[in-house]
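There are 4 protein chains.
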Amino acid sequence: MTLHTGRHFLQIPGPTNVPDRILRAIDRPTIDHRGPEFQELGASVLAGIRRIFQTESPVIIYPASGTGAWEAALVNCLSSGDRVLMAETGHFASLWHKMAQRLGLKVEFIPGDWRRGVDPAAVAERLAKDKAHTIKAVCCVHNETSTGVTSRIAEVRKAMDAERHPALLMVDTISSLGSIEYRHDAWGVDVTVGGSQKGLMLPPGLSFNAISKKALAAAEKGGMARSFWDWSDMLGPNEKGFFPYTPATNLLYGLQEAIAMLEEEGLENVFARHARHGEATRQAVQSWGLEVLCQDEREYSDALTAVVLPDGHDADAFRAAVLEAFDMSLGSGLGKLQGRVFRIGHLGSFNDLMLMGTLAGVEMGLSLAGVPHQRGGAQRAMDYLASTSGNSAAEPKLRVKA
Amino acid sequence: MTLHTGRHFLQIPGPTNVPDRILRAIDRPTIDHRGPEFQELGASVLAGIRRIFQTESPVIIYPASGTGAWEAALVNCLSSGDRVLMAETGHFASLWHKMAQRLGLKVEFIPGDWRRGVDPAAVAERLAKDKAHTIKAVCCVHNETSTGVTSRIAEVRKAMDAERHPALLMVDTISSLGSIEYRHDAWGVDVTVGGSQKGLMLPPGLSFNAISKKALAAAEKGGMARSFWDWSDMLGPNEKGFFPYTPATNLLYGLQEAIAMLEEEGLENVFARHARHGEATRQAVQSWGLEVLCQDEREYSDALTAVVLPDGHDADAFRAAVLEAFDMSLGSGLGKLQGRVFRIGHLGSFNDLMLMGTLAGVEMGLSLAGVPHQRGGAQRAMDYLASTSGNSAAEPKLRVKA
Amino acid sequence: MTLHTGRHFLQIPGPTNVPDRILRAIDRPTIDHRGPEFQELGASVLAGIRRIFQTESPVIIYPASGTGAWEAALVNCLSSGDRVLMAETGHFASLWHKMAQRLGLKVEFIPGDWRRGVDPAAVAERLAKDKAHTIKAVCCVHNETSTGVTSRIAEVRKAMDAERHPALLMVDTISSLGSIEYRHDAWGVDVTVGGSQKGLMLPPGLSFNAISKKALAAAEKGGMARSFWDWSDMLGPNEKGFFPYTPATNLLYGLQEAIAMLEEEGLENVFARHARHGEATRQAVQSWGLEVLCQDEREYSDALTAVVLPDGHDADAFRAAVLEAFDMSLGSGLGKLQGRVFRIGHLGSFNDLMLMGTLAGVEMGLSLAGVPHQRGGAQRAMDYLASTSGNSAAEPKLRVKA
Amino acid sequence: MTLHTGRHFLQIPGPTNVPDRILRAIDRPTIDHRGPEFQELGASVLAGIRRIFQTESPVIIYPASGTGAWEAALVNCLSSGDRVLMAETGHFASLWHKMAQRLGLKVEFIPGDWRRGVDPAAVAERLAKDKAHTIKAVCCVHNETSTGVTSRIAEVRKAMDAERHPALLMVDTISSLGSIEYRHDAWGVDVTVGGSQKGLMLPPGLSFNAISKKALAAAEKGGMARSFWDWSDMLGPNEKGFFPYTPATNLLYGLQEAIAMLEEEGLENVFARHARHGEATRQAVQSWGLEVLCQDEREYSDALTAVVLPDGHDADAFRAAVLEAFDMSLGSGLGKLQGRVFRIGHLGSFNDLMLMGTLAGVEMGLSLAGVPHQRGGAQRAMDYLASTSGNSAAEPKLRVKA
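Chains as they are written, first to last, in numbering that gives the first Met the number 0: chain C, 0 to 401; chain H, 0 to 401; chain Z, 0 to 401; chain R, 0 to 401.
Simulated from the structure, these hints should not be mistaken for laboratory data. Hints should not be assumed to be uniformly reliable.
[As the list claims (entries may be wrong)] Listed below are the simulated DSS-like cross-link pairs for lysine-lysine, each with C-alpha atoms no more than 27 Å apart in a straight line:
{"hint": "1", "chain 1": "Z", "residue 1": "K239", "chain 2": "R", "residue 2": "K97"}
{"hint": "2", "chain 1": "Z", "residue 1": "K135", "chain 2": "Z", "residue 2": "K157"}
{"hint": "3", "chain 1": "R", "residue 1": "K335", "chain 2": "Z", "residue 2": "K239"}
{"hint": "4", "chain 1": "Z", "residue 1": "K220", "chain 2": "R", "residue 2": "K105"}
{"hint": "5", "chain 1": "C", "residue 1": "K97", "chain 2": "H", "residue 2": "K220"}
{"hint": "6", "chain 1": "R", "residue 1": "K335", "chain 2": "Z", "residue 2": "K97"}
{"hint": "7", "chain 1": "Z", "residue 1": "K105", "chain 2": "R", "residue 2": "K239"}
{"hint": "8", "chain 1": "Z", "residue 1": "K220", "chain 2": "R", "residue 2": "K97"}
[Unchecked claim] Selected chain R positions facing chain H (in silico; Cβ < 10 Å):
{"hint": "9", "residue": "R20"}
{"hint": "10", "residue": "R27"}
{"hint": "11", "residue": "P28"}
{"hint": "12", "residue": "E238"}
{"hint": "13", "residue": "V307"}
{"hint": "14", "residue": "D310"}
{"hint": "15", "residue": "R374"}
{"hint": "16", "residue": "G375"}
All values derive from a computational prediction rather than experimental measurement. We put the beta carbon where it would ideally sit given N, CA and C, even for glycine.
Model the full structure from these sequences, guided by the hints.
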């Protein structure tokens, strides 16, 4: 067994540090998933999770991890051979693309350099050409966990609306839900995909589909052959707080606690907290003289920051040094970014001092691993945090320039 | 919140009573699923779960509940339009049938009265007619959770072999794995489906596919469009203890503990314990003058017992009375058995005194609910348990006749 | 490590089965015992524990186990050489006697046969002779954990009042508090001693002194040299929710939950539940043809039952057989009762089915150990429980005769 | 309930951050303290705790918090009217002094300025004058939790030996045991007092007396009237792993885990880790231009650092600001230091990044509270930690000068 003296710093961009309140909630005896005590639990989480997605529509809760909820979004609404439009924002967008292809969809993939979000203009441009409305869905990753870039979903919606295109809008919020502002209804999203192990502060094992009326109608008429992921099987029992097959009861205990915690803090405050920590992190990176991967300051992610290492320096060697010396896990570069970037998760159950421990660990690790940098990034973050303390709900005043 | 004075008796046939050791194991901080500490965990559970399935072949661990693993078995090996042979042993066999149909398979369903297991002779007879080998798979439920009937899988295998039929043999062991003897390799099964929340004593949220070389070959050449459930994506990372997408880390902690507990007791002793408790339960039922649903004593389930109520008595009213008066959850009649039977789960983390509390609760409940019966069932079980105590690994000497 | 398949039955008369809610409450991070979060906790438990003792007076909470709270009662109010009156009701009364002697008190010990409680008439008789009021305290054990006899404290108080004797009345409720009706104020008790590990359902490690104004006045003027146990050091900080030295914070989390659970059920219902379980147990013992140690039916303990084994049979051998065969811990005979009686704890977090498991374990154990008895005790308890079910708050209608 | 986003930083010098492994160990069902499973536990912790005290002699484990173990040391060995020599090293030495007086001892208190440890020369000088050997014990606090000063116990012993004085040497290690090197046998200590909630990383509720043969002999012949604290009652049952009255079972589970964790890391490594963190903290304080309370660099505490605020600045206001803004608890100035110093705990379950979070919180707090200081303390600690990383077992090379 690995020896930890003190707490491990789990600063990958998810799974995130699960707070004790949630772990303790999960650590309760499993109950009959067909009994009245469960029914109360089921009704509570099914109602609560809608508030987190900011929707009046149903949210499906799967006893499965996030990748499954991607698949669910696709197989409920789309048929083999359907055309979908995706944008290459990073590794997870690419994986979703690959999944869509494997499920028999025809994917158009708007190319990208993994340093920017979905370009609403490019979406508009492509849809404008699709006079026959052969494109059935536009699929975007809200927060690209591999790059630390947050796409502007509301603007994508506007672009679609401007073209009066009937395609469904599907959005992956696995690493933004409960961390970065997201509004399923207000932004007109048809299917939002979420997961438990990031902003919701739960262990992995639950995932979500928030669905609009339009998506539901599409599912009723079409979709692929499906069973486990089928929405309609879920919706009936869900009305009474039940599920059609065995739910992941203990994770639902945790979900109930997570919803309570987010609402005790207030969603707006949760978002502001993440924004402040994102900004502090970026200022540290800038002070070190390193590059934030994200190129557009409108798209900085407040959930994680991907940092580019200078040429000739291996990000994985750096990460291994940090793990060895300081018992902190940082996120690796994924796909084509492997070895070139590392990622700092600053989302979920988190606060100023955990962030300072994290940034200190990065700065010390840069020294240990011999990565050229300037001292003082942690100091600068500290200055920023001190200057904005007690003001966490306010818009940060200082924003580092891209 | 429901008030419990003392412990709830969760005597449905799963989810079962999760022991404290496992709950505490789960209640540990989530770790980086791409780091070295996880790798040790992953390698440990991937090796250990094979021993539980009694196989040298790979076992896939899904971060999803058991219904998903059914789907995985079908979509990896079979193609839309393929013919499969199933047997109507009860509600879960019927649900699996329904799932297969929804996935586009052509299902032949050997009819049954829900009181017997799969008839090996009927399988042989059907396969004998299938000279063209259009039947691609025979799918059986090992232990029908809805009826308390355990099919004789080894005999089904023999019947298939006798016909030299190349169909794959797929078996659902969701409610038998870790409770009733099951041998994936020795019995020549191609895909075994399992779940976490029964004999493995875990909360729901993990499920399994144990796969033979033949099944793997079938999957490599064919199967349906799939992504989340795809075996080949799993097998590569699994070799090093990793998973292709985020695993349900905390449930894997629990799985590691569950495997340790089963092996500390010894699988043979686990099976003998369940056999003894099954027998004690059936003797109690017989003493009450009630009918065990299972009609063939070779097929009695040692994991649960379904009990038929006399005509004119509602099993659900009886169950509600037991829950109200004694804080015990019993299993309901499912599908066409609703209201006619109740089910006593006696599997998982269980012992003689928990069984006696359970049977006393049933006997008292029969009185409270006005169900005609003879007193003395609990007494008879007690006599049986006392007479066989200290001898739990031995074959029970007395067996009630069907 | 000991292997448990299923739950251990901890049926000693304390420590009792700690419910999950309380274990989980304890399993929270320790906090600063001088900070505002602690202050809320401290204020909450200091107020709540008074309600459990049914007093308006202060209750001292010691970070120490129950034996310490005995000592605290004595050293705060009495001086070396003071005379106290005690009654030999069993092993714990004898231990308290021994402690008093070691602390330099002169103890008069009203003899007893360990089968009856404190005789109010004997107390009255002795006090009547004490014209000079040299007796400074009367010390009684409310519920003798070694014998299963509950003394009639209100009658002792009346006897003292009738004699107009100014001695303090000190009562040990370690194994009755939260299980058997007890009223510190209404019964005019001066110091009540309590502990955490019985009716309060907590692990051992906390103990209590509920103190009357008269006791407080005595302590202010006198008492022995003391520091750790000193009441006055406690009372000041307690007013604000704090403690003069480091409190057992995590057990206080548990205490807060325990108070909540007792009040959710309602203290009257808690007492009625214990009364019903005590009666069921005694009926079982009578059916077995064994003897309840307690000789006076007015003094039957509803928290535990001590059972006399026939001559020539060793109660410890019986207990060892039960532990080995059924994983149940029963209480041993203590002091001069060693080997002659065993004790069944039926207090704390408990319910009908746990009781039936317990009684079945005893009955089966009697068989295994070859102790002569009649079958049917568990059956009789079951009949009694069924006939009184749903009526737990009512006075049990049937009471076995002594 | 207080809302925490992320983990609270509990940086008082005890209770310390309880690691999850220990909390989970405590969160297990309580067992029969007279049964065989307990016996294994008892034997294990009684043997293990000796290794932590570095003694071959018995160690008494009390189910009571640390203040009680002080009292136990005094009442077992000393009689009312005995003379003891103590040294005024700070608040806890003063409290122990007060306790001794209340117990009827005559205390000579070598005066001190609360910025230095026990002066071995002063002890020698006083003992030299005590030709009649009226001084029965010399009582020292090893690590003064109120000041961050570690007395040189081995030198005190040498001073006593040089005078050939037979007084017992009693040492309080409540805040040093398991953090700062301490050798009960090698240093010739007669009674060592310890507690659970500091270096042992447990919640409060256990305390210890490690006793030499000489102390045991003194206790057998003398001591005060006592019962709960009596050593001889403990030693008999302890030989078999049992206790004379109900032990704090669940905290013993935690103790077993704590001993395992300390031994997995290695006591020498534990001490080196604390030394490195102590040094880093002092360098930070020096960089801020603030004063470490401890005046003698030989006596710097590696468990905590007390920091003097400039005149006119209230340490409690500073602490409140830190708690409010950063959810970190720092230790207050105690007794005459109230408002003048704050204390940083850097002991127990701790690591580099937790320390950096802590020091960042202090530095930001100094800004928020308007305490004059120079920026850069956290930066300097970070530089020190980076330069000594991977070398935690080595003697720190740089030590700040007093």
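Evaluation of the provided hints:
For the hint linking K239 of chain Z to K97 of chain R, the alpha-carbon distance of about 23 Å falls within 27 Å, and the restraint holds. Distance restraint check for K135 of chain Z and K157 of chain Z: the Cα-Cα separation of roughly 17 Å lies within the 27 Å cut-off, and the hinted pair is therefore satisfied. For the hint linking K335 of chain R to K239 of chain Z, the alpha-carbon distance of about 21 Å falls within 27 Å, and the restraint holds. Among the hinted pairs, K220 of chain Z with K105 of chain R is consistent with the structure: their alpha-carbon atoms are about 22 Å apart, no more than 27 Å.
Proposed proximity of K97 of chain C and K220 of chain H is supported: the alpha carbons are some 19 Å apart, at most 27 Å. Distance restraint check for K335 of chain R and K97 of chain Z: the Cα-Cα separation of roughly 42 Å exceeds the 27 Å cut-off, and the hinted pair is therefore not satisfied. Taking the CA atoms of K105 of chain Z and K239 of chain R, the gap is near 33 Å; set against the 27 Å cutoff, the hint is violated. Of the pairs offered as hints, the one joining K220 of chain Z and K97 of chain R holds, with about 19 Å between alpha carbons and a cut-off of 27 Å not exceeded.
A cut of 10 Å between beta carbons decides the hint on R20 of chain R: the least distance to chain H is about 8 Å, and the hint holds. The beta carbon of R27 of chain R is positioned within 10 Å of a beta carbon in chain H (closest approach about 6 Å), and the interface hint is therefore held. The criterion of a C-beta within 10 Å of any C-beta in chain H is met by P28 of chain R, whose closest approach is roughly 6 Å, and the hint holds. Violation of the interface hint for E238 of chain R is found here, the shortest Cβ-Cβ separation to chain H being roughly 29 Å, above the 10 Å cut-off.
A distance limit of 10 Å between C-beta atoms decides the matter here; for V307 of chain R the minimum to chain H is near 37 Å, and the interface restraint is violated. A cut of 10 Å between beta carbons decides the hint on D310 of chain R: the least distance to chain H is about 44 Å, and the hint is violated. Interface restraint check for R374 of chain R: the shortest CB-CB distance to chain H comes to about 33 Å, outside 10 Å, so the restraint is violated. Interface restraint check for G375 of chain R: the shortest CB-CB distance to chain H comes to about 32 Å, outside 10 Å, so the restraint is violated.
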